[in-house]
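Participant: Sequence:
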Amino acid sequence: MTMTIDLPGEIVEQVRSEASLRGVKVEALLLEKIRAGLASKKEISNDRPWMKHFGSLRDLHDERKEIEARIAEEFEQVNPQEWK
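According to the working numbering, numbering within the sequence shown proceeds without interruption in unit steps and concludes at 84.
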């Protein structure tokens with residue numbers, strides 16, 4: 001599959017330079033870097049398995065608002081004895 005992307009000039013020069021130093025084609029180097037980047041994303045998600053549950057409680061929005069309101073109400077109460 002062919003894809004055309006625009007890259008900043010300094011990035012293109014870095015890629016060409018590294019490919020030349022390693023004796024590989026630019027395409028091969030870019031493919032290697034993309035695969036490594038995608039693999040590192042998988043490793044991060046495996047290190048934090050709780051992330052798969054992120055956002056799963058979004059249907060409890062009303063309950064969260066009620067809890068926040070109760071906390072705010074409690075912290076607004078000032079005991080004058082404690083402030084002396």
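No lab work stands behind these hints, which were simulated from the structure alone. Among the clues, some could well be false.
[Claimed, not checked] Derived Cβ-Cβ restraints for the label pairs, each shown as a range:
#1 54 with 33: 57 to 65 Å
#2 53 with 73: 23 to 31 Å
#3 62 with 18: 52 to 60 Å
#4 35 with 9: 20 to 28 Å
#5 82 with 38: 52 to 60 Å
#6 9 with 37: 16 to 24 Å
#7 58 with 37: 22 to 30 Å
#8 57 with 36: 30 to 38 Å
#9 56 with 5: 32 to 40 Å
#10 35 with 76: 48 to 56 Å
#11 3 with 23: 18 to 26 Å
Glycine included, C-beta positions come from ideal geometry on N, C-alpha and C.
Participant: Against each hint, give a clear statement of whether it holds in the structure.
Facilitator: Quick rundown of the hints versus the structure:
1. 54 with 33: 57 to 65 Å: Given about 27 Å between the Cβ atoms, the range is violated.
2. 53 with 73: 23 to 31 Å: 29 Å, holds
3. 62 with 18: 52 to 60 Å: 54 Å, holds
4. 35 with 9: 20 to 28 Å: 24 Å, holds
5. 82 with 38: 52 to 60 Å: 55 Å, holds
6. 9 with 37: 16 to 24 Å: For residue 37 against residue 9, whose Cβ atoms are near 21 Å apart, the range 16 to 24 Å holds.
7. 58 with 37: 22 to 30 Å: Given a distance of about 29 Å, which is inside 22 to 30 Å, the answer is holds.
8. 57 with 36: 30 to 38 Å: Since residue 57 and residue 36 have Cβ atoms about 34 Å apart, the given range 30 to 38 Å holds.
9. 56 with 5: 32 to 40 Å: Because 35 Å falls inside the window, the suggested range holds.
10. 35 with 76: 48 to 56 Å: Taking Cβ atoms as reference, residue 35 and residue 76 lie about 54 Å apart, which means the hint holds.
11. 3 with 23: 18 to 26 Å: Once the Cβ atoms are compared, 24 Å apart, the range 18 to 26 Å for residue 23 and residue 3 holds.
Figure legend: structure checked against the earlier numbered hints; the only hint not met is number 1.
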